[in-house]
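Residue numbers (my numbering), protein chains in the order written: chain D, 14 to 201; chain L, 14 to 201.
Errors might be hidden in some of the hints.
If several chains are the same, the list does not tell them apart, and a pair holds so long as it fits within one copy or across any two.
Straight-line C-alpha distance at most 25 Å; calculated DMTMM-like pairs for lysine to aspartate or glutamate [said to hold, decoys possible]: (1) Lys84 / Asp45; (2) Lys64 / Asp193; (3) Lys84 / Glu137; (4) Lys64 / Asp77; (5) Lys84 / Glu200; (6) Lys84 / Asp20.
Hint data in this document are derived by calculation from the structure and do not stem from the laboratory.
From a predicted model like this one, the values you see are computed outputs, not experimental measurements.
Number of protein chains: 2
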Amino acid sequence: MVRWEPDAEGRLRVAALELYTERGFEQTTVADIAERAGVTARTFFRYFADKREVLFAGSSVLQDLMVTGLKDAPAGASPLTAIAAALDAAATMFGPERRTFSRQRHAVITANAELRERELIKMESLGAALAAGLRRRGVPDPRAGLAAQAGLAVFHVGFQNWVAGGDEDFADLMRAGMADLRGLAAEA
Amino acid sequence: MVRWEPDAEGRLRVAALELYTERGFEQTTVADIAERAGVTARTFFRYFADKREVLFAGSSVLQDLMVTGLKDAPAGASPLTAIAAALDAAATMFGPERRTFSRQRHAVITANAELRERELIKMESLGAALAAGLRRRGVPDPRAGLAAQAGLAVFHVGFQNWVAGGDEDFADLMRAGMADLRGLAAEA
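For reference, chain D alone in the conformation it holds in the complex (with noise of 0.2 Å):
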């Protein structure tokens, strides 16, 4: 018989980020994790490829959101407003609920080299995903991939803002950020 697991899913990720920051990364293994969440080995499987999919399979949900908010925004849209509309996008995966996920995970690999290097891969794709969304939205290159790394730029200073502050709001944060670079730009 088959137990039913309520979001099964969810308490793994929740209980492999207590592993991380108690033990560390390197030191937790996926049976400790099932065991926390109260689930198989297996059941850890049919989430995860390995224990550090837990940490990074936002960040293809994120890229998706991203480039769909940038797809989506007005036609007449100037590129950095676009990327705004990305910026958006992202914030609907960022809520209150998900800071002190998003605050472990970050503690979590800022701390381990290995984690931080996929982290920057992941962020290289982003920023390749977003410029490419520009162009096909008619943005020329050289310009395309400038607006998609001025985007990341936002979002990893705002990103860091939001995991080390208070009770911001990511999309507050966002559009903040967005008004910072335009006003640094404006400044001769």
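Fit chain L to the given chain D structure using the hints.
Positioned in the frame of chain D, the structure of chain L alone reads:
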């Protein structure tokens, strides 16, 4: 008797890049590089800790150049103008004589996940150093972090164009990139 070695370091760099390009990074040994450069392995290790360092020794030179350029920008310069001074300083490293090396290096790094990750870590370190330099100039966070990341965006896109392109001047590409960024930010 010690053999006189005109620019052994330079010959080792050229030899390494040739071999990485011909055979791949993984398939090249320090002994191969030393042999091609006409020196002993011992001489190799006088200049580089390992075969990876041949590719990344320039990264700290670049960072020092840019941080010094930032520090030496006029006291009243805006954050992005100070960053532009750092990009100008970087250009002293990327003269036409370095383009072949940079182009081969870029191809070798792009083909190898581990090297790509290391390159991204170096860029992250450069971003942190520029942000710290801006803070020392009195720019508060999050503007310091954002201006530094925007500078990396210009560097990243301009560098890609420099290695991919014809005979554009590196400094010109950096200045055009900064102008593009300001232009993008000025569009509503």
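* **Numbers of unmet hints, in rising order** => Result: hints 1, 2, 6 break, sorted rising.
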